[in-house]
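Model the full assembly from the supplied sequences, consistent with the hints where possible.
Here is what each chain is made of, one letter per residue.
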Amino acid sequence: MEKWMIGVTILFGWVLLMVLVAWMSTKYRKLSISDFATTGGSLGLLTLFLTYSATYHSSYAFMGTTGAVFAHGMGWWNNIHWTVIPGILLWLVGKRVWAIGKRNNYLSIGAYTNGIYSTEGAGRILSYIVSAVAILFVIPYTAIQALGVSYLFQVVSQGKISFTAGLAIFLVLMVFITWLGGMRGVAWTDTIQGIFMFLAMWIGGYLVITNSLGSVGETFAKGVAEIPKAFSLPGLKGAYTERLWVSQWITITFGMIAMPHVFLRYFAGRSLTIIKWSGVFSSIYLTFLYLFVPGVGVAARLLYPASTAADKLFPEMLLQYVPFGIAAFAIAGALAAALSTADSQLHAASTVFTVDIYKPLVKPKASEEELYRVDRIFVFVFGVICAWIAFKKPGLFLNILQISTSGTAVLAPVLFLPLFWDKVSSPAALTATIAGEAAVIATTFFWPAPLGLIAGFWGILTSLIILLALSMASSGKEKKVVETVSYLRKVFSD
Amino acid sequence: MNRCEKTVLIATVIALFFTNPPFLNIVNSYCKSNPLTIGWPTIWIYLTGVWTVVIVIFGIMVSKEKTDDQEVA
Chain Z
1 MEKWMIGVTI
11 LFGWVLLMVL
21 VAWMSTKYRK
31 LSISDFATTG
41 GSLGLLTLFL
51 TYSATYHSSY
61 AFMGTTGAVF
71 AHGMGWWNNI
81 HWTVIPGILL
91 WLVGKRVWAI
101 GKRNNYLSIG
111 AYTNGIYSTE
121 GAGRILSYIV
131 SAVAILFVIP
141 YTAIQALGVS
151 YLFQVVSQGK
161 ISFTAGLAIF
171 LVLMVFITWL
181 GGMRGVAWTD
191 TIQGIFMFLA
201 MWIGGYLVIT
211 NSLGSVGETF
221 AKGVAEIPKA
231 FSLPGLKGAY
241 TERLWVSQWI
251 TITFGMIAMP
261 HVFLRYFAGR
271 SLTIIKWSGV
281 FSSIYLTFLY
291 LFVPGVGVAA
301 RLLYPASTAA
311 DKLFPEMLLQ
321 YVPFGIAAFA
331 IAGALAAALS
341 TADSQLHAAS
351 TVFTVDIYKP
361 LVKPKASEEE
371 LYRVDRIFVF
381 VFGVICAWIA
391 FKKPGLFLNI
401 LQISTSGTAV
411 LAPVLFLPLF
421 WDKVSSPAAL
431 TATIAGEAAV
441 IATTFFWPAP
451 LGLIAGFWGI
461 LTSLIILLAL
471 SMASSGKEKK
481 VVETVSYLRK
491 VFSD
Chain C
495 MNRCEKTVLI
505 ATVIALFFTN
515 PPFLNIVNSY
525 CKSNPLTIGW
535 PTIWIYLTGV
545 WTVVIVIFGI
555 MVSKEKTDDQ
565 EVA
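Keeping their order, the protein sequence lines are chains Z and C.
With our numbering applied, the first sequence corresponds to residues 1 to 494, in that order.
With our numbering applied, the second sequence corresponds to residues 495 to 567, in that order.
Don't take each hint at face value.
[Stated by the list, open to error] Estimated spans, in silico, between C-beta atoms of each pair:
#	chain 1	residue 1	chain 2	residue 2	range
1	C	Ser527	Z	Arg489	44 to 52 Å
2	Z	Asp494	C	Tyr524	37 to 45 Å
3	Z	Ala225	C	Lys558	43 to 51 Å
4	Z	Lys237	C	Tyr524	30 to 38 Å
[To be verified] Computed footprint of chain Z on chain C, listed as stretches where at least three residues anywhere in the stretch have a Cβ under 8 Å from a Cβ of chain Z:
#	segment
5	496 to 503
6	522 to 536
7	546 to 556
These aren't lab readings, by the way, just hints derived from the structure by calculation.
Note that the coordinates shown come from a computational prediction; the quantities given were computed from them, not determined experimentally.
Yeah, the Cβ is synthetic: ideal placement off N, Cα and C, and Gly gets one too.
What follows is the structure, encoded as structure tokens:
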């Protein structure tokens, strides 16, 4: 059998496995928006922690990280802030969101916002803005998942599957899994993909290093001799300055936990025990997934110093230095990384639109089943939008990650502070969100990264300062915020 | 916040202090003259070590935290 046939067989085997798992999940399906959006809060520990982790890490984890080490050196491990802290925040913040979500049957980020703030005036406008921002910033991020894996179909098939065909296959699979199973289908496939992705990163990474340069130790020793700047800050290009270091992890950590596909998972756990242990296991998984990435990145720099396609180096090295069958399996791990994020994001975008925008604005009295059907339609609509963006081929994964998380990082103070502080007010939250997003736009397009701090940092800083200042200046407290904080204090105090 | 949450929060803040400037600059200076430790990049070992301690504390505190699912349900 020719190599490309082996590769295509492995890739399509993986595609069929995902479809099968998504189809099996429908046996537990209920035709309701609650079930489609959050499984009605029924996920167990293994499923929740792996869907949280696999959703959190995307194509960037598999391809972008090697590209980042190649480009910047060990400064890339700034990532560790946003691999450990999200698990801790799932425990500190996610369990509180889960508790009030369970109590009030929240299904989405906008419904949650509308629930904790005033349902009229500023609070109502805020919930629409939060939903719109969540959708707006998650879509480009979804599109880059498709872009990354379409290339992989082309590589593994040795050109027999074109970029366009690969893109079409990925998009159809993404839409079909989401349409078929909703959150349950996505979570079940994420579970398989999370395990697969971890094995692919470890086995693929280890084999690339040992087969190309002898051993991990030899690779690093050679790296120190030839590219010493890669082993300290600010790195090979001098990019990892103090200011980038701090502003990047703040933006990505808080931006990611406020993204709608991550946020929806706060509602999906079966119990508090499951939520809290999911936090611990997620921190371990997300951090140690990258064990061999530094070695692969250094090897890539040593072997392909003139490469201009940093994000494509890991799959290229797999194909060059690892037996083809194993390489194809490992590359299927990249597909798993991309699909597990993309289908979750597509599901989140359609659910946020259905629950937070369609229902209140178009059909307030729509039944659970009707909303379920509408949600599935929007899965197709947003899938097409993602395809359109993917064909435009945006830049490096890390850049897209930063832009997307900048927009959602602004929401973090507004979404999470009222879980702990009962002085937060709706007008303050609305003003903070608008000003924060304005700061992100200004520091992205008109005055890029002032003082060396990236846009998301300015956005979250603006949002936080305004939220604190206006809330403290406002007279009195909002009844709903006081009730929320009071309830949470009762549940989570010693 | 309960005692377990406060403990993890304090551990996280301490870890942030040790893995960000200005303290990180001291570590970085050391990494320039000693780029490898036990064959791996020193800065990688350092960052991973600090945050692994946090993960361990996190796991211990979660195991100690009393959770009442009934109270929420």
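Okay, the hints, checked on the actual structure:
1. Taking 44 to 52 Å as the suggested C-beta distance range, the pair serine 527/C and arginine 489/Z conforms, at roughly 50 Å.
2. The hint said 37 to 45 Å for the Cβ distance between aspartate 494/Z and tyrosine 524/C, and at roughly 41 Å that hint holds.
3. At roughly 47 Å, the beta carbons of alanine 225/Z and lysine 558/C sit within the given window of 43 to 51 Å.
4. A beta carbon spacing of about 22 Å between lysine 237/Z and tyrosine 524/C contradicts the range 30 to 38 Å that was offered as a hint.
5. Under the rule that three or more residues need a Cβ within less than 8 Å of chain Z, the assignment of the segment 496 to 503 of chain C holds, with 5 such residues.
6. With 9 residues bearing a CB less than 8 Å from a CB of chain Z, the segment 522 to 536 of chain C meets the requirement of three and the coverage assertion stands.
7. With 6 residues having a beta carbon nearer than 8 Å to a beta carbon of chain Z, the segment 546 to 556 of chain C meets the requirement of three or more and the stated coverage holds.
Taken one by one, the earlier hints fail for this structure only at number 4.
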